[in-house]
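Undergrad: Each chain, written out:
There are 2 protein chains.
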Amino acid sequence: MKNTYFTPGPAELYPTFYQHLQRALDEQIGSISHRSQRFRDIYQFADEQLRVLLSIPKSHGIFFTGSASEVWERIILNCVEHESFHLVNGSFSQKFYDYANALQKHAHLQEKPFGEGFDAADIDVPEYAELVCLTHNETSSGVQMRTSEIHKLKRKYPKKLFCVDIVSSAPYPDLDFNLIDSAFFSVQKAFGMPAGLGVWISNQSCLEKAEYLLQNDALTIGAHHTLPTLWKHYKTFETPATPNVLYIYLLGKIAEDFNRIGIDTIRKQTEEKARMLYKFLETSADYEPFVKQERHRSQTVVVANTTKPSPDVIANAKAANMIVGSGYGKLKESQIRIANFPAVSIEQTELLIDQLKK
Amino acid sequence: MKNTYFTPGPAELYPTFYQHLQRALDEQIGSISHRSQRFRDIYQFADEQLRVLLSIPKSHGIFFTGSASEVWERIILNCVEHESFHLVNGSFSQKFYDYANALQKHAHLQEKPFGEGFDAADIDVPEYAELVCLTHNETSSGVQMRTSEIHKLKRKYPKKLFCVDIVSSAPYPDLDFNLIDSAFFSVQKAFGMPAGLGVWISNQSCLEKAEYLLQNDALTIGAHHTLPTLWKHYKTFETPATPNVLYIYLLGKIAEDFNRIGIDTIRKQTEEKARMLYKFLETSADYEPFVKQERHRSQTVVVANTTKPSPDVIANAKAANMIVGSGYGKLKESQIRIANFPAVSIEQTELLIDQLKK
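If you're matching them up, the sequences are chains Y and P in order.
No gaps in the numbering here: position 151 of the first sequence is 153 in our numbering, and each next residue is one more.
No gaps in the numbering here: position 24 of the second sequence is 26 in our numbering, and each next residue is one more.
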């Protein structure tokens with residue numbers, strides 16, 4: 003019997019994944035040239051579907067990388083000469099900051115304890131920070147930053163470039179890309195695909211910054227997947243190097259499925275399932291929501307403290323063919339993480355709640 | 003009717019690919035955690051199979067990236083403080099050199115015209131070059147450098163790190179990894195998989211160089227997929243970031259299939275098919291081998307000049323469900339490129355020759 007994966011990535015595959023994969027195999031998408039019109043059509047289709055789904059304006063290009071982690075590096079290399087600024091409240095926002103340090107940038111940070119979230123009013127962006135790095139959804143702790151707060155912060159600092167990690171939440175967050183310069187995600191979370199493809203959305207301002215840095219012989223913007231090379235090839239829906247053609251095809255098809263349902267419906271379903279999960283956690287004697295502030299609770303990765311050892315909870319769920327994520331790092335034994343992605347239905351969420359009640 | 007892809011990557015999928023993919027879907031490999039024992043077993047299996055196939059000693063680790071192009075960047079960042087040296091005789095060896103320049107290294111090059119190859123006796127490695135960058139098989143021109151010549155060169159310069167691009171030839175070249183410090187390939191060529199995974203083989207000497215450079219605050223070895231982080235996670239068969247789990251599984255399975263056939267047999271079959279193709283080109287009035295020196299002719303990517311416009315040759319082959327590659331760059335109209343990978347049988351090669359004769 004197949005398991006249902008409630009893990010926060012890799013996660014449950016989207017139900018239509020299999021039929022799209024079969025079609026791709028029938029059409030031999032795995033063998034076509036990335037310099038062919040067939041590939042350009044596939045890229046353009048994925049671009050158009052993502053553009054509709056996430057309301058991405060023409061000012062932004064959509065590029066493909068090997069992973070979202072790769073984009074942490076690319077955005078820092080391409081958009082920071084000296085200083086970046088990071089909001090850090092978990093393991094993944096920490097890694098974004100660590101990448102900036104490893105790239106020898108002067109990385110500023112503002113921290114909150116694990117499980118707490120940021121609001122615009124909390125934040126002072128240092129004067130010389132060129133890029134503000136935010137994490138919409140901290141996968142490790144289940145904390146979100148509301149998009150309204152992200153937008154408010156950008157309005158306060160309109161001249162700084164803003165980059166938002168939406169790895170474990172896209173397409174849920176209704177980011178206003180007229181404000182946000184760059185965002186990125188990977189496909190093995192809410193898009194319900196296997197891992198192996200990162201998606202980087204970036205605007206002309208980021209490109210201009212990269213082109214400015216390119217003139218400076220004292221630094222490098224990298225050699226692979228630089229914004230200028232990505233953008234140059236993007237104009238004809240090509241890529242600088244051979245990309246994951248098959249996954250780009252599948253991403254376009256799943257984004258099309260999402261558009262058929264409608265992004266509003268997907269967001270409402272996400273909120274409905276999150277409401278069910280948090281309500282259960284709040285009323286249960288065996289669990290409680292880890293994130294105290296309701297406005298900071300993630301809609302896509304729900305984290306719970308368990309009174310019983312969480313490995314037992316996870317083992318029991320597994321025996322019922324439901325795979326639940328463990329707590330992150332040192333919270334492995336006392337927390338569970340439940341992904342709330344579109345691949346999992348309201349009915350499956352009810353079954354999980356019934357299981358957790360046992 | 004399905005096409006047979008004779009293109010030099012993306013290429014024909016290996017015949018067993020489909021059954022391995024079905025099994026992976028049945029086992030929900032696309033959803034498993036990259037921090038699970040199941041994933042560690044998959045990584046270890048791929049590692050063991052590649053180790054047998056390519057005779058990789060314990061001194062070398064095997065790492066996964068998004069693509070082989072990414073490795074061009076990683077090896078330069080991790081193993082070059084000031085100077086690299088490149089043999090350039092085509093578009094891909096040129097790109098390796100371009101990457102080093104983009105990373106602000108002092109990149110030396112020795113060039114040969116498109117279609118000509120290198121022997122060890124031709125080559126003077128500059129005194130201060132730290133890394134010697136060679137391309138075993140230049141995919142753009144169909145030129146190879148014999149492994150015996152690569153080994154001879156390393157013996158002449160034993161203290162320099164040697165890195166060999168085997169993107170469009172692995173597992174054919176019998177590289178001696180007791181001499182060669184690093185090599186890399188991508189899976190969409192001779193391994194007969196869709197694009198989306200790079201494989202980087204690298205030894206302790208490369209790691210030590212990266213660790214040495216890491217102490218130097220005046221430069222960066224990058225943040226993503228650095229050798230020290232790859233190696234640290236590799237010790238427990240994990241990866242620093244979420245990798246393409248599904249493709250690592252498939253690569254292990256195809257490498258196992260190759261090992262069942264035996265690498266000697268695969269090499270002999272490759273040579274037999276190459277002999278058939280070159281013999282046909284030499285005796286035909288309509289074609290000739292582009293590479294004049296027999297010892298420099300690639301065994302895995304056969305390039306031919308055509309007397310008729312090559313787009314017509316390609317269109318006629320396509321009408322017979324055989325997809326042949328075009329010439330590279332400005333030779334698009336006057337050459338064809340024929341991949342000779344394990345996914346294509348002797349019988350299919352005969353059918354292609356019959357088609358080209360028409």
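In short, the hints are calculated from the structure, not lab data.
Note that the structure is predicted; figures quoted are calculated from it, not measured.
Check the hints yourself; a few may be wrong.
As the list makes no split between identical chains, a pair holds if one copy fits it or if it spans any two.
Below 25 Å or equal to it, Euclidean Cα-Cα: the simulated BS3-like pairs (lysine-lysine) are [unchecked claim]:
#1 Lys-154 x Lys-310
#2 Lys-270 x Lys-310
#3 Lys-320 x Lys-294
#4 Lys-154 x Lys-334
#5 Lys-281 x Lys-234
#6 Lys-360 x Lys-237
#7 Lys-270 x Lys-114
#8 Lys-332 x Lys-237
#9 Lys-334 x Lys-234
#10 Lys-237 x Lys-270
#11 Lys-234 x Lys-332
#12 Lys-60 x Lys-114
#13 Lys-162 x Lys-320
Undergrad: Next, verify each hint and record whether it holds.
TA: Each hint tested on the structure:
Within a single copy, Lys-154 and Lys-310 get their C-alpha atoms no closer than 40 Å, and across copies no closer than 64 Å, so neither meets the 25 Å cut-off. In this assembly of identical chains, the alpha carbons of Lys-270 and Lys-310 never lie at most 25 Å apart, being 32 Å within a copy and 61 Å across copies at closest. In this homomeric assembly, Lys-320 and Lys-294 never come within 25 Å of each other (Cα to Cα): the closest approach is 28 Å inside a single copy and 63 Å across copies. Taking identical chains as interchangeable, the C-alpha atoms of Lys-154 and Lys-334 are never at most 25 Å apart, the minima being 35 Å within one chain and 53 Å between chains.
Taking the closest pair of Cα atoms, Lys-281 and Lys-234 never come within 25 Å of each other, the shortest separation being 49 Å inside a single copy and 41 Å across copies. For a Cα distance limit of 25 Å, the shortest separation of Lys-360 from Lys-237 qualifies neither inside one copy, at 55 Å, nor across copies, at 39 Å. Neither within a single protomer nor between protomers do Lys-270 and Lys-114 lie at most 25 Å apart by alpha-carbon distance, with minima of 29 Å and 62 Å respectively. In this assembly of identical chains, the alpha carbons of Lys-332 and Lys-237 lie at most 25 Å apart only when taken from different copies (21 Å versus 46 Å within one copy).
When the C-alpha separation of Lys-334 and Lys-234 is checked against a cutoff of 25 Å, the pair qualifies only between copies, where the shortest distance is 21 Å, while the shortest distance within a copy is 44 Å. In this homomeric assembly, Lys-237 and Lys-270 never come within 25 Å of each other (Cα to Cα): the closest approach is 35 Å inside a single copy and 44 Å across copies. Proximity of Lys-234 and Lys-332 under a CA criterion of 25 Å is satisfied inter-copy only: 20 Å between copies versus 44 Å inside one chain copy. Taking the shortest Cα distances, Lys-60 and Lys-114 never come within 25 Å of each other, neither inside one copy (35 Å) nor across copies (44 Å).
Taking the closest pair of Cα atoms, Lys-162 and Lys-320 never come within 25 Å of each other, the shortest separation being 46 Å inside a single copy and 52 Å across copies.
Of the hints listed earlier, those the structure fails to meet are numbers 1, 2, 3, 4, 5, 6, 7, 10, 12, 13, in rising order.
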